[in-house]
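> Mind docking chain B on chain A? Use the hints.
There are 2 protein chains.
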Amino acid sequence: MNKTIGIFGGGQLGRMMAQAALPLNIQCTFFEANTDCPSAALGQVFSTKAENGLNEFIESADVFSLEFENTPLADVDVLTQSKAIHPPRQALATAQNRLLEKALFDKLDIPVAPYRAVDSLESLKQAVADLGLPIVLKTATGGYDGKGQFVLRTADQIDQAWAELGPAKSLIAESFVTFSREVSIIAVRGLDGEVKTWPLAENHHHNGILSHSIVPAPNSADLQPVAQDYITRLLNHLNYVGVLTLELFVTDKGLYANEMAPRVHNSGHWSIEGSVCSQFENHVRAVAGLPLGSTEVVRPTVMINIIGKHPKTEDVLALNGAHLHLYNKTERAGRKLGHITLMPVNQSELVLLCRQLAKILPEPLALSEDMNI
Amino acid sequence: MNKTIGIFGGGQLGRMMAQAALPLNIQCTFFEANTDCPSAALGQVFSTKAENGLNEFIESADVFSLEFENTPLADVDVLTQSKAIHPPRQALATAQNRLLEKALFDKLDIPVAPYRAVDSLESLKQAVADLGLPIVLKTATGGYDGKGQFVLRTADQIDQAWAELGPAKSLIAESFVTFSREVSIIAVRGLDGEVKTWPLAENHHHNGILSHSIVPAPNSADLQPVAQDYITRLLNHLNYVGVLTLELFVTDKGLYANEMAPRVHNSGHWSIEGSVCSQFENHVRAVAGLPLGSTEVVRPTVMINIIGKHPKTEDVLALNGAHLHLYNKTERAGRKLGHITLMPVNQSELVLLCRQLAKILPEPLALSEDMNI
Numbered sequence: 001m002n003k004t005i006g007i008f009g010g011g012q013l014g015r016m017m018a019q020a021a022l023p024l025n026i027q028c029t030f031f032e033a034n035t036d037c038p039s040a041a042l043g044q045v046f047s048t049k050a051e052n053g054l055n056e057f058i059e060s061a062d063v064f065s066l067e068f069e070n071t072p073l074a075d076v077d078v079l080t081q082s083k084a085i086h087p088p089r090q091a092l093a094t095a096q097n098r099l100l101e102k103a104l105f106d107k108l109d110i111p112v113a114p115y116r117a118v119d120s121l122e123s124l125k126q127a128v129a130d131l132g133l134p135i136v137l138k139t140a141t142g143g144y145d146g147k148g149q150f151v152l153r154t155a156d157q158i159d160q161a162w163a164e165l166g167p168a169k170s171l172i173a174e175s176f177v178t179f180s181r182e183v184s185i186i187a188v189r190g191l192d193g194e195v196k197t198w199p200l201a202e203n204h205h206h207n208g209i210l211s212h213s214i215v216p217a218p219n220s221a222d223l224q225p226v227a228q229d230y231i232t233r234l235l236n237h238l239n240y241v242g243v244l245t246l247e248l249f250v251t252d253k254g255l256y257a258n259e260m261a262p263r264v265h266n267s268g269h270w271s272i273e274g275s276v277c278s279q280f281e282n283h284v285r286a287v288a289g290l291p292l293g294s295t296e297v298v299r300p301t302v303m304i305n306i307i308g309k310h311p312k313t314e315d316v317l318a319l320n321g322a323h324l325h326l327y328n329k330t331e332r333a334g335r336k337l338g339h340i341t342l343m344p345v346n347q348s349e350l351v352l353l354c355r356q357l358a359k360i361l362p363e364p365l366a367l368s369e370d371m372n373i
Numbered sequence: 001m002n003k004t005i006g007i008f009g010g011g012q013l014g015r016m017m018a019q020a021a022l023p024l025n026i027q028c029t030f031f032e033a034n035t036d037c038p039s040a041a042l043g044q045v046f047s048t049k050a051e052n053g054l055n056e057f058i059e060s061a062d063v064f065s066l067e068f069e070n071t072p073l074a075d076v077d078v079l080t081q082s083k084a085i086h087p088p089r090q091a092l093a094t095a096q097n098r099l100l101e102k103a104l105f106d107k108l109d110i111p112v113a114p115y116r117a118v119d120s121l122e123s124l125k126q127a128v129a130d131l132g133l134p135i136v137l138k139t140a141t142g143g144y145d146g147k148g149q150f151v152l153r154t155a156d157q158i159d160q161a162w163a164e165l166g167p168a169k170s171l172i173a174e175s176f177v178t179f180s181r182e183v184s185i186i187a188v189r190g191l192d193g194e195v196k197t198w199p200l201a202e203n204h205h206h207n208g209i210l211s212h213s214i215v216p217a218p219n220s221a222d223l224q225p226v227a228q229d230y231i232t233r234l235l236n237h238l239n240y241v242g243v244l245t246l247e248l249f250v251t252d253k254g255l256y257a258n259e260m261a262p263r264v265h266n267s268g269h270w271s272i273e274g275s276v277c278s279q280f281e282n283h284v285r286a287v288a289g290l291p292l293g294s295t296e297v298v299r300p301t302v303m304i305n306i307i308g309k310h311p312k313t314e315d316v317l318a319l320n321g322a323h324l325h326l327y328n329k330t331e332r333a334g335r336k337l338g339h340i341t342l343m344p345v346n347q348s349e350l351v352l353l354c355r356q357l358a359k360i361l362p363e364p365l366a367l368s369e370d371m372n373i
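Protein chains in written order, with UniProt numbering: chain A, 1 to 373; chain B, 1 to 373.
Same shape as in the complex, but just chain A:
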């Protein structure tokens, strides 16, 4: 076999995909601005800045995928003239545009918070009138980890919000959903249409960036089949191949879809140790046309992001059962530098380990009182 998979992007997601691909004798190549990226340790990086970079990248592999959800559609269109990419272009295009995404959720009867398209100050005012306040105003394209958003709480903020985000031209106004917690479901679909789903992750954020995920999400037995149903609708409708992530809000009225990511996801990093087959290996298997692996949970896990500053490696590894995954990135405020997986044997060890970890992380872990650990 010995296929090569070309991956758009070269960050930590590509790095972990390539790590999973290696034991299957599958080599990865990457397409990324900076050739000194986290994936570089595992395969050749073709620079997006090089004159003939895209063509050389297309030449370098048999089948393609992505780890960067803002992969330019224009590049994908050049690629698909000669080679295949998984997931499909439509999934990527939809995920890159919040209005298309919400429309797809609507079409598939996946509940979402009420929303309106906004492309003028007038339509923003109309949205406020229709939806009430507060609302979240977002650019339809671009933006991540809380950037490109404006939370509108009072009508006198309308002009400011428009001034800030209006230049993006295409915006979405969403009702502010009251939710008790955020969860995500990750699933993989094979080339033959087989779908496998991991259990829900409960996700905790700090300053708009994922801080940690608990898997399986506590008290999620009723939510799991609903979430599985939603993501399966998306996968089948899109004729999707590979890993897809769906972020959901847990509300009084049930699950509301927040957004989807057409790729492996930070809230699935736990699966490297916690699941029989990880999101990375299953994505590689799907893209290479191989049978999917079991998504069964080996042991409940907590995944904690390392953000901004590195802890001491020896401090992390001294924690019982801790796994450390560093991405070979330099320190910068708000940057994801690595993650830690804990596999406690029970609830009391989980609490103990999280407290120990909170002491050794340079950046505070969002161990708030309401954290369900």
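These are calculated hints, taken from the structure and not from any lab test. The structure presented is a predicted model; accordingly, all values stated were derived computationally and were not measured. Among the clues, some could well be false.
No copy labels: a pair is met if it fits in one copy or bridges any two.
In the EDC-like style, the derived pairs of lysine to aspartate or glutamate whose C-alpha atoms are separated by at most 20 Å in a straight line are [what the hints assert, rightly or not]:
hint	residue 1	residue 2
1	K196	D315
2	K312	D62
3	K336	D130
4	K329	D77
5	K359	E314
Same frame as chain A, now just chain B:
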């Protein structure tokens, strides 16, 4: 931190060490005759054939280890003029010479089959007189996987045995031990002297090559503390740092040491998925001076070697819970090309999976009637 570990050898053991090192931001380099070796995907390979290869290899890393137990002591002696190697030279020298090895077992009160040093036809005859027949005659140095051995069953084979192995000059004659099965214990010792042990593996051979290992070895509760005691004596006596393997025979009179390997071992490959921290990661942690990880078993496993010919990847991955590890080697009779880890949920799934696997492996799996599955 960001240490680099230089590894003597560049085979699949080095490849899997480097895979385990990567998430810790530890880079590996290798010293190997063939620069197109299994480890090459993960770090620079310095050729043992290059004029200045050894010096360049020594320059390339901060601390050193090995994956090839026949690493020349002369090379280690050049290295240790400027840099450290784990495990220690003495462990390597002992493991390279069966007479030194048996003497060490004797010294530490670790039972071994009766043996005699043989360096002449006369001393061979004396050994036969002392030990009785059958005996196994082996070269004191060199030989692996059943090569460099002669099984002497009758006295009229003495001349033939001497003609075949005599030129090696230093031989060992060992009583033929009657054993019910072969097991191995693997342990790791940290720079601070901490020792952690994995459970016993039960090892099955086919044509003198490891075919598969079952972990934990069935019915080994009584054997485990004894084996742990033996390997701990070795580790502490040698002031060992890293992973050590001890192969043992289960006999009517208890455990007899067969041989030790001063390195990660084929019978420990199961630990990648089956243990909280694998033999590869723990070896890397020890060599880098980091705290050791938990050797707790996540789930019982069976590890099956892929020998000589590759099965179809899709056939292997279609088995529930199967993990495939390929070494990027070309096919050759008797060559270890990869391994498969099965993690059955119970005994009946284990039997089922092994039968399915036996059908898809090109080379027969030694699924004899006496296999304790």
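> Give a verdict on every hint.
Status of each hint after checking the structure:
| no. | hint | verdict |
| --- | --- | --- |
| 1 | K196 to D315 | between (36 Å within a copy, 18 Å between copies) |
| 2 | K312 to D62 | between (40 Å within a copy, 19 Å between copies) |
| 3 | K336 to D130 | neither (38 Å within a copy, 68 Å between copies) |
| 4 | K329 to D77 | neither (31 Å within a copy, 36 Å between copies) |
| 5 | K359 to E314 | within (13 Å within a copy, 45 Å between copies) |
Comparing the model with each numbered hint stated earlier shows that hints 3, 4 do not hold.
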